[in-house]
Amino acid sequence: MIKGSKRKSAQSEPSENAREERIAMRAHSDLIAILDRRAEEKGQTRSAYIESLLIAWVKADPRNPRIDNRGRLIPDAPTPAELQKANPQRYTDRWVQFNRAFNALFGTDVPREWREEWQEHWKIENE
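Quick note on the working numbering: the sequence shown kicks off at 347 and runs consecutively.
Hints are computed from structural coordinates only; laboratory data are not their basis.
Just so we're clear, the structure is a prediction, and the values are computed from it rather than from any experiment.
Don't take each hint at face value.
[As the list claims (entries may be wrong)] Computed beta-carbon distance windows for the label pairs:
id	residue 1	residue 2	range
1	ASN449	ALA394	23 to 33 Å
2	LYS388	ARG446	38 to 48 Å
3	ARG384	PHE452	14 to 24 Å
4	GLU386	ARG416	13 to 23 Å
5	ARG446	ALA394	40 to 50 Å
6	LEU451	ASP376	15 to 25 Å
7	PRO424	ALA379	39 to 49 Å
Yeah, the Cβ is synthetic: ideal placement off N, Cα and C, and Gly gets one too.
Required output: the full structure, derived from the provided sequences and hints.
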């Protein structure tokens, strides 16, 4: 007897919290083992752990618009340009912190163009 293929039931619209995209990447098995161990320490899946790292990095970069802990843009949040105008010292402090993190990870400072021409790296249509 040959079984017929099962049809997937129609899925409803994705919720606001649903993740819409998937990232696939190749990684060495040693790296995967480390990520698995760190994820387990945090009580997360490897995927959730990597996502939290990416979100933290995006939040640290002063050029980026504000996002929540799931990676969604925060509506009506001030833009990077508005944050700079509202509190230039705080904005400068964010650059200093980001530069330290960048240097710790990559062994070099943030490229000068990123600091001096940061508006060019993220264009928002409403700006």
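(request) Take a look at whether the Cβ-Cβ distance between GLU386 and ARG416 falls inside 13 to 23 Å. (result) 21 Å, holds
(message) The hint says 14 to 24 Å between ARG384 and PHE452; measuring C-beta to C-beta, is that right?
(response) 20 Å, holds
(message) For the hint 39 to 49 Å, verify it against the beta carbon of PRO424 and that of ALA379.
(response) Check passed, 41 Å falls within 39 to 49 Å.
(request) Go ahead and decide if the range 38 to 48 Å is satisfied by the Cβ distance of LYS388 to ARG446. (result) 23 Å, violated
(request) Just tell me: holds or violated, for the beta carbon distance of ARG446 and ALA394 against 40 to 50 Å? (result) At 26 Å between Cβs, range violated.
(message) Within 23 to 33 Å: is that where the Cβ-Cβ distance between ASN449 and ALA394 falls?
(response) 27 Å, holds
(request) With 15 to 25 Å as the target window, see if LEU451 and ASP376 comply at their CB atoms. (result) With a Cβ separation near 18 Å, LEU451 and ASP376 satisfy 15 to 25 Å, so the hint holds.
Checked against the numbered hints listed earlier, the structure breaks hints 2 and 5; every other hint is satisfied.
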